[in-house]
Amino acid sequence: MSLRHHLHRLSIDDVELILAVTSKLAAPFDLTTMLAEVVEAAKHVLHAERGSVWLYDAATDEMVLRIATGIAPVRVPAGVGFLGACARERRILNIPDCYADERFNPEVDLASGYRTRCMLTLPLVDHKDAFVGAMQVLNKIDGVFDQKDESLAVVLAAQCAVAIQRTHMTEAAIEGEKLRHELETARRVQMSTLPAAMPMVAGYDFHGMSRPAEQTGGDTFDLAVIGQDVLVVLGDATGHGIAPALSVTQMQAMLRMAFRLGADLDTAFLATNNQLAETMADDRFITAFVGLLDTARHRVRFHSGGQAPILHFRAEAGACTRSNPTTFPLAAMPLKSLRPGAAFDLAPGDVLALLSDGIFEYCNAAYEQFGERRVEQVIAEHRGLPMAALASRLLTAVGEFADGAPQEDDITIVLVKREAAAHESFARTFDSLPALVAFTSAFFARHSVNRALLNTLDLALEELFTNMVKYSPGGAPQVDVDIATVAGGVEVVLTDYDVDFFDVTRVPDADVNLPIEQRRPGGLGLHLIRRMLDSLDYRYSEAERRSQTWFRMNAAESPGSGGATPREGPDAHD
Amino acid sequence: MLTIDGKGPGVVALAGRLDAAESPRAQAALDAVHGIVNLDCTGLEYISSAGLGVLLKTQKRLLAANGKLRLTGVNRQLQDIFMYSGFDQILEIEPVR
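Protein chains in written order, with my numbering: chain R, 15 to 588; chain E, 487 to 583.
It cannot be assumed that every hint is accurate.
[As the list claims (entries may be wrong)] Where chain E lies over chain R, by a calculated footprint (3+ residues, C-beta under 8 Å):
no., segment
1, 314-327
2, 439-450
[To be verified] Residues on chain E that point at chain R, a partial pick, calculated with CB under 10 Å:
no., residue
3, MET487
4, ALA507
5, GLU508
6, ALA536
7, LEU549
[To be verified] For lysine-lysine, the following BS3-like pairs were computed, each having C-alpha atoms within a straight-line distance of at most 30 Å:
no., chain 1, residue 1, chain 2, residue 2
8, E, LYS546, E, LYS493
9, R, LYS192, R, LYS57
10, R, LYS142, R, LYS162
11, R, LYS484, E, LYS546
12, E, LYS543, R, LYS484
13, R, LYS142, R, LYS57
No wet-lab data here; the hints were simulated from the structure.
Glycine included, every Cβ here is placed at the ideal spot set by N, Cα and C.
Model the full assembly from the supplied sequences, consistent with the hints where possible.
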């Protein structure tokens with residue numbers, strides 16, 4: 015029975031009535047109000063005493079009477095009676111005498127005291143052709159329902175199904191908006207607990223960052239100075255949504271609190287695990303690396319609950335070694351004891367790299383994952399950069415690999431670098447110069463330091479060293495040279511024993527504007543390096559008769575000049 | 487390591503590093519030149535104050551006999567050093583093309 019088949023028999027008045035109902039139903043009702051409107055309209059249009067709209071509850075396979083004028087809500091099995099027949103046959107049932115029909119269930123009448131004579135039952139079918147409920151109209155005031163009533167009822171039922179669907183969608187949208195708002199709040203909480211500033215520890219470079227995916231993931235990290243140690247945490251809770259975001263935030267807070275209270279690594283890990291196991295849902299867990307870096311002994315001790323790989327870039331080898339998890343993920347189950355953690359040492363130039371799945375498993379359009387090998391390549395290639403820049407390189411590499419594929423998971427990066435350093439002693443003679451050059455060149459190569467700095471560094475080193483050779487012939491047989499990377503540059507210390515005080519920073523500048531006949535080569539070296547270094551410092555110990563000359567160069571300031579940018583001294587043009 | 491190459495009358499090519507260790511050898515070579523001398527610095531990567539001293543002494547001697555040093559192929563970093571030492575005022579310097 016098609017709608018069109020019935021429509022052509024409707025009068026203008028009938029159509030106007032229907033349109034009035036349609037217009038009413040277009041208003042943004044909640045479901046209860048909307049159903050009441052439908053029933054009132056049906057009663058009015060069909061001259062009926064009562065009406066009701068049953069909604070199908072797929073979860074219980076019941077028909078639920080949400081509203082019926084004068085009757086309390088009722089639930090009946092979906093397959094029985096007129097409703098069952100209507101649902102199965104998806105067509106209108108016009109029953110002129112209900113009590114004469116064996117399918118009629120008189121219990122509703124018994125409960126209400128109302129007597130049903132005749133009845134129309136119509137299926138409500140949504141746009142996906144799913145049965146969502148049924149409309150019933152009872153007892154025509156002046157007789158029984160005829161074919162014209164059937165036509166009107168069919169049109170009303172169609173309107174009713176659309177309205178039910180629209181109401182459901184509106185409710186879902188409101189629910190979605192609420193959820194989105196809650197997600198945003200959870201996200202803000204999650205992000206606000208991440209450390210705002212990186213630990214400042216001499217000889218180390220720390221960087222941590224987290225870039226959330228559209229849907230909340232459950233990443234966190236922590237980098238915090240705890241006494242002589244630095245706490246290093248990377249955590250990734252399973253799933254998406256509010257729960258994981260809040261779980262990792264909770265874990266991070268518990269760990270930090272435990273360590274601040276003086277708990278050792280095992281106790282903090284165990285207690286946090288047991289607390290999370292108690293509060294988190296049974297199917298949820300957090301993979302996490304929890305480590306303490308002793309910055310004096312350069313030793314990382316850690317537990318890794320399912321967090322892998324733990325990448326340790328070793329400068330000496332120029333490659334990464336990987337550590338496996340020491341135990342299973344946090345919150346998986348309460349534990350009475352813990353297997354021993356693991357440890358490794360950071361040699362000069364080494365990098366500890368912790369990255370969440372969001373990097374390793376970032377997929378491009380071809381469903382290929384970014385993977386560990388690419389991560390290791392980027393680290394090896396850019397190990398000479400400051401860790402913040404290395405993190406950017408990793409993100410750039412992932413972005414280029416993804417080629418527009420969206421970020422599906424949180425991305426979190428924690429990098430810890432022990433700055434590269436080298437020490438060597440050089441005989442107090444000009445003949446040491448080739449060895450000095452070889453020393454700096456090898457250091458730059460091994461630690462991938464920006465070679466644009468090398469010539470200026472060599473110039474400074476030569477000028478300072480040859481000064482020591484020329485002016486302190488009675489000093490110790492050897493001069494010590496220490497070189498180390500610092501974020502974005504290099505730092506050098508020359509240590510000279512058994513020498514008199516001579517502050518290279520206070521030597522007057524050479525007059526570089528004299529006519530040639532008055533020029534002398536002396537003093538030019540210090541004059542030059544004071545203009546080409548970022549900083550130059552001198553310290554002297556009377557007790558040890560030891561001088562230390564210290565200088566630093568940064569690459570960031572010299573993009574085009576092939577070295578540190580020359581500085582204008584105040585009297586350079588006097 | 488410094489290489490000194492006498493390419494013909496009035497042309498000397500320096501390549502490598504002109505530092506304190508190499509400057510005595512460079513001085514000895516430049517003590518032998520006369521007149522207007524083209525010093526080809528295309529391969530010269532590095533110069534320190536010791537090297538500047540060699541150029542200063544040579545220039546003074548040549549100027550006294552109506553000669554001079556003319557430096558060609560000077561790289562950017564060396565130009566900086568010549569500028570900050572004021573040597574751009576006492577030497578004729580032609581930057582790298």
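Does the CB of E:MET487 sit less than 10 Å away from some CB of chain R? This interface hint holds because 8 Å falls under the 10 Å limit.
The segment 439-450 of chain R covered by chain E? Criterion: 3 or more residues, Cβ-Cβ distance below 8 Å. With 4 residues closer than 8 Å to chain E, the segment 439-450 of chain R meets the three-residue bar; holds.
Against chain R, is E:LEU549 within 10 Å by beta-carbon distance? holds, 7 Å
Taking beta carbons only, do three or more residues of the segment 314-327 of chain R come closer than 8 Å to chain E? violated (count 0)
So, E:ALA507 near chain R? Judge it on the closest CB pair being under 10 Å. holds, 4 Å
Hey, E:LYS543 versus R:LYS484, does the alpha-carbon distance stay inside 30 Å? Since the Cα atoms of E:LYS543 and R:LYS484 sit roughly 19 Å apart, the hinted pair holds (cutoff 30 Å).
Interface hint outcome for E:ALA536 [beta carbon to chain R under 10 Å]: Holds, about 7 Å.
When you check the alpha-carbon spacing of R:LYS484 and E:LYS546, does it fall within 30 Å? holds, 24 Å
Given hint R:LYS57 paired with R:LYS192 - CA-CA distance at most 30 Å: violated, 37 Å
Just to be careful, I want the Cα atoms of R:LYS142 and R:LYS162 compared with a cutoff of 30 Å; is the pair within it? holds, 27 Å
Run the distance test for R:LYS142 versus R:LYS57: straight-line Cα separation, threshold 30 Å. With a Cα-Cα distance of about 28 Å, the restraint between R:LYS142 and R:LYS57 holds, given a limit of 30 Å.
Grab the minimum C-beta distance from E:GLU508 to chain R and call the hint holds if it beats 10 Å, violated otherwise. holds, 8 Å
Comparing the model with each earlier hint shows violations of hints 1, 9; every other hint is respected.
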